[in-house]
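Colleague: The lines below spell out each chain.
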Amino acid sequence: MAKGIRDKVAILGMGCSKFGERWDMNAEDLMVEAYVEALSDAGIETKQIDAAWLGTGIEEQHVGKSAVPLAVALRLPFIPVTRVENFCASGTEAFRGAVYAVASGAADIALALGVEKLKDTGYGGLPQRGRGTVNNMTWPNLSAPGSFAQLAAAYRAKHGASPEDLKRAMAHVSVKSHDNGAKNPKAHLRNKIDIDTVLKAPMIAEPLGLFDCCGVSDGSACAIVTTPEIARSLGKTDLITVKALQLAVSNGSEAQHNSWDGSYFATTRIAAKRAYAEAGIEKPRDEVSLVEVHDCFSITELVTMEDLYLSPEGGAIRDILDGFYDADGQLPCQIDGGLKCFGHPIGASGLRMIYEMYLQMLGRAGERQRQETPRIGMTHNLGGFPHQNVCSISIVGRYEG
Amino acid sequence: MSFGILSYGAYVPRLRLQRKVIADANSWFNAALKGLGKGERAMANWDEDPVTMAVEAARDALVGHDRDGVTAVTLASTTFPFLDRLNAGVVTGALSLDESTASNDISGTQRAGTTALLQALNSRGQTLVAAAEKRDSNAASPLEMQTGDGAAALLIGEGEPVAKLLASSTRSADFVDHFRTIDSGTDYGWEERWIRDAGYMTIVPPAIKAALDKAGLTPADVNHFVMPAVLPKLANAMAKKAGVPDAAVRDNLSAVCGDTGAAHALVMLVHALEQAKPGERILVVGFGQGVDVMVFEVTPANEKKTGRLGVSGHLARRREETNYNKFLAFNDVVEIERGMRSEADKLTALSAMWRNRGAVTSFTGGKCEKCGTLQYPISRICVNPNCGAVDTQKPEPFADKTGRVNSYTADRLTYSPDPPACYGMIQFEEGGRWMMDFTDVDEKDLEVGRNMRMMFRVKDIDNQRGFRRYFWKAAPVAAGGN
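Going down the list, the protein sequences come from chains S and G. Take the first sequence: its position 164, counted from the start at 1, is 164 in the UniProt record's numbering, and no numbers get skipped. Take the second sequence: its position 477, counted from the start at 1, is 477 in the UniProt record's numbering, and no numbers get skipped.
FYI, nobody ran anything at the bench for these hints, they're computed from the structure. The beta-carbon is built from N, C-alpha and C at its ideal position, and this holds for glycine as well. Any given hint might turn out to be false.
Quick list of in silico lysine-lysine cross-link-like pairs, DSS-like style, CA-CA up to 25 Å [unchecked claim]: (1) K367(G) / K326(G); (2) K401(G) / K304(G); (3) K158(S) / K444(G); (4) K200(S) / K444(G); (5) K394(G) / K367(G); (6) K444(G) / K65(S); (7) K183(S) / K119(S); (8) K346(G) / K119(S); (9) K277(G) / K209(G).
The following residues of chain G were derived to be distant from chain S, with all beta-carbon distances above 12 Å [to be verified]: (10) G39; (11) K277; (12) A478.
Just chain G, with the same shape it has in the complex (with noise of 0.2 Å):
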């Protein structure tokens, strides 16, 4: 038994913008951009935010493991759907843990998500931390060309590691190389030239020594440099300076996902995880405000299959998105016509909400002891024609259960910000069934009998009052069986 990283997951949203149609768009204005028309981005689905990209993370790095010892939930982000109300307690709620789970918000930075880790690793108990962005971008603006969405999620705690953590260093400094208030809404950001050369030249080279002699280690020993910066050659630049060598230097994914802000460093460090060997050590940075620097050893026990999805299959499970509008229209960067039928009240009782938190954000139903038929919602009275026993029922979770499609309908009548609305009648084989929502499906894919896997995510946004509520959607069953 020791300390360090337990287990590891990711996830990407399906939707990849391909930055050629971002280009051809605005090119007009800016000639720019052309030149970073190239590859994709990931894009969130409509009804995706950090918080349902966090629990899909989270439910990828929990594959195969017991989450009943998990005490405490970091998410880190800078895109909070909420400012007041904790973000991570959705998580926490959506993966059902236990109430005495702590639970706690990191933002502020660009270097949220390593410095969550960083916590997490130099505190006791088994800590889930997940990092999650989803960036506004304005509309022509570079960043809306390097951003993508995504998530990453590492148990860390006592056990057998598939990672161990052999040195760490930080540095603060209030270099602002951009900054978000929630009047600017979108990042204003400094010459690159600058940031390059005073932020991250200047700032980073020291703590990477520093984490580096704490180890032990000289440059050369390490395997896998993992430092996000979407300026061009920058992470071989430092690398070089630093004296790592340049084959060391990870892919920082801008072709395939783009940077996933607060996220990114953990969803690269997730990317490495699932490729290094045992022995090798991987360098991960942070930097935002100043810097953190994470030195691991991946272990043995790292060539355990999972059947976690990880960056890798979650890059695989992909849909090519070449509508920009689309893109626009979902990130309210353009006010489109949503016609009469987008008007309902979609107010959320928040005591019902709270009432019914176990069959709404857990997604748990009920087994009936007296006939053992499983069903969604929990109810007091069974709902097997046969048996009708009264307050019988103990908590079932349905959330990883695959269910299989029963009936179902693409509605091009009813509002959804993404028509045609796919929904249908879900069964799943062991018992239990309900009308549900699809998301991430293809009109053309829908077929009675087709495997579901629940997915967590945003199921009404309340533009009247700025809420939004979440519930479990289905989706198809990805052909890595995830």
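Just chain S, same shape as in the assembly (with noise of 0.2 Å):
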């Protein structure tokens, strides 16, 4: 196996807008605040950038084809930038590459930055769009709930679970969240809400109602790496470097072949043992101290917390529902609100959540710091659907070196 890049790559500065309905705001507005803060929290100037990546999902409503409106939006110096988009991983995926950017050497100091205008459709929820030419012929006209709900019913066939336990895990899950989002500043919803009000929601896709469902935000977020070396040549103490960054795609095994039960992400749990692997984790219960996991719905954080290795296969209702994934449980899941209610600018997501992990770190979470200083810090991005998927993890760390 590769020797992967735990360790060979520092996070110098980050930053982050505020997310949500953003009606006075451009993409290119969203994308400058994330980047001033990162800028100025790194402690360089534009210049010393040598390349750059944009993580963005549905380009086409808001800034576009190419990596142009990131160069256009921050003056970059005619460097190398890149536009990526992998689903709801691009943010992840950006940061990604500037990452084997600085750890191949091509570059010194390298950006990520993650945008999404969602909030210029006209109707709530993703925009409605096309599959693909020839998808379209075949594929149901699937919205990201419904495909997602599906999870609940293979997941309640394959263990037996009642439809009232699950839906009570999944609605914890959603109050947790819109606790933890009520103490995040920047996040999108900021109001607490009930087990009831969950239950008592309008459904979008069986089982899934209102409360089970992410918010739909405009935000950005962003990422300046380097190496350990250079961050303490420019001054920089307590390091934050990357431990594991994982990627895993379907092949289309799931949604053609009979190996799947529809129950779990068969991406998810290859990419964690990897990531384990790569960040040297044998027991991730015990080993992570926080984890951010795209919780675009909270059924999809429920299956996740199993499929990375978190709580035992079928065990999740139990973890949830004891509160071990609560703010003050023995690892806190989504402190920052998660996709729930920091919210879910997809480009932008990814980034997010490694922005709470290094906050976190560094001790600069403020209301909602985590008393004991975390270590290992794991987020987890998926795109796409249950059945077709990518899945991004990374790892990051404070720096023992």
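Each of the two chains sits in its own frame; use the hints to bring them together as a complex.
Modeller: This is the structure we're talking about:
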């Protein structure tokens, strides 16, 4: 196996815009908002950046194609800039591009920025859009909630969970994230809710109600990365380094081969194993101190806890209801509110998760700061559908070198 | 070996609109509609049209029959979805018939179904005759009450017939009891009493007599008198005038289905065949700008059980619909606010549709010759994680396989003409699966493990260009097994 990138790259600075319905902002304005914070945090100037990556998912709704929008918005000095798109993992993909560039030595300092301006469609929810010329002829007109809702049907069938128990655990996931989001000034949704509100909400896609679905938001997040050596030379002392970056992409076996039962993410299990190996983690439930997962829907978070080997298979309902993943639990999940409440500007989400890890590890998370400073943080992004998706996992932690 | 009807089948959509709700909504305007407000009419789902109904009727007729023998497909309708695209060609593709199959549309009269049947009976080769109709009607019109949507199909050829044609006769007459043009959209009809007296009662009897004379039969020899007519008791009056016993007059299915237009003579014929005993004679009348009369004799081969649903089975596959507004919306009689999500472009790349016709129209997948894995769609590289062989797949038909629900949802967010959109992963036991739309399903009936059959349906309607594309959807297997 390849050696991986553990501890080869450090985060020099990060920034994140406020997420939400930013009616007064173009995507370009949101980029600048995240970038200015990251640049100031890094303590460098634009001209020191050697290369940049832009992550955005539904570019046809805002900036259009190519990397040009990032270069123009930030006035980057004719450096190499690349746009990446990998569904909802686009932000982490931009990060991977920048990190790999630094790890390879091709760049000393690289920038990753994710952005999405979703609130220009004229209606709620994600944009309705085609799936490609050929897919359009056979795929259902499936929405994101409709495709992820199916996890619940298959999960119940596999584990014999009652609809009520599963729905209650899913509701706890959302209530917990609303509690956390309320403490985050940059979060889109900052209201606390109770279980009953979740259970009685209008149905979106059976069994997902309104509060089982994450916010559809505008926002941007940004990371500037370099080597630990350069970071030190620039005066940084407490370094957060990348321990693992993994991506697993469906090859059609879940969608076309009967070896997958529909109740879990095949990609997540594969990416998690590789990421733990790359980071040198043997007992994730004990060793990971903070996790941000792709909680696009409550059921996604629930099954992901098992797919990341944090809860035993079939055991997520119990862990969730026991408060294991609450902000004051043993392993907080979505301490910043998650996609659910921080919001989900697609291309920005992966970088937003890393931003939270970064703040928590440096003790800069304000009211929501975890008392015991986390040492190992894991972020998880999913893009696509349970039956065909991309899963990216990053693990970051304090640099001990 | 002899020539005749080798097999038959039918299709009636599952939804049955209660006529009372139509009458309740419209009798403020036309009090006479109250009298018609009894029973139910077959109502096509939003994703059904004459092409999809013909496909289902044809599949019903072909149960247990080798499709390789079919040399021609004739489709009769006055409500073809396409004016210039061979509708029978879509049916031929959906049935995965050989490309050497001749296909042909017959239209222009309510008699189109019997004319298609008569042509097949007078030709050589094996012809699959299908007739299907889904007539547009104005709100508050009698036609809205009287008609129903449906289809029938008969396989004609050399073999062991279930019924043989004894004789036939035809008359042509430009008797315009009603007409429909592109401009009119719906039927414009003349006074019923004139239609009855100067039309049916004048034009039909000589043709009946001619056919019976040719067959060497007397009117009393007729056991089943098949004549669609929406005018009450007209068939009985006709039988009386022709000398056919009143007991032979077949139920026109008005109470349970409605008149299926150009398909109805064949729907009623299939219904008669389902009940007829060997040796019995069936006389079929198809009226419209003239008349077709056919006299059949049922053979002992008709006693054989085939597994078809037929008219009776499809009538039993039924769900009451009491929402008249839904009927109006399905048929674009009222324009409902469909929301911005409905605006997504449904353009079909015709080149891609042709290239993928096996997967899309015929629902053909692949079977890896190396590892045996079935998969949909066919692809260059085997999907089996332990195989991955290149270019080893042979075409594998999936349309007649039964799948089961692996996961599902009822989606209220995405656009559907009939929300919630139900869809999910369908898994075929022998191998292969696909995330696909469900149809003819109620949300409460969704469950993992449920058996589903494949049905050919309208996938999307492209209102911007007037096009519609077809694909296969999963529907719950009916209690009868089909």
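Colleague: Hint numbers the structure violates, sorted upward?
Modeller: The structure conflicts with hints 1, 6, although it agrees with all the remaining ones.
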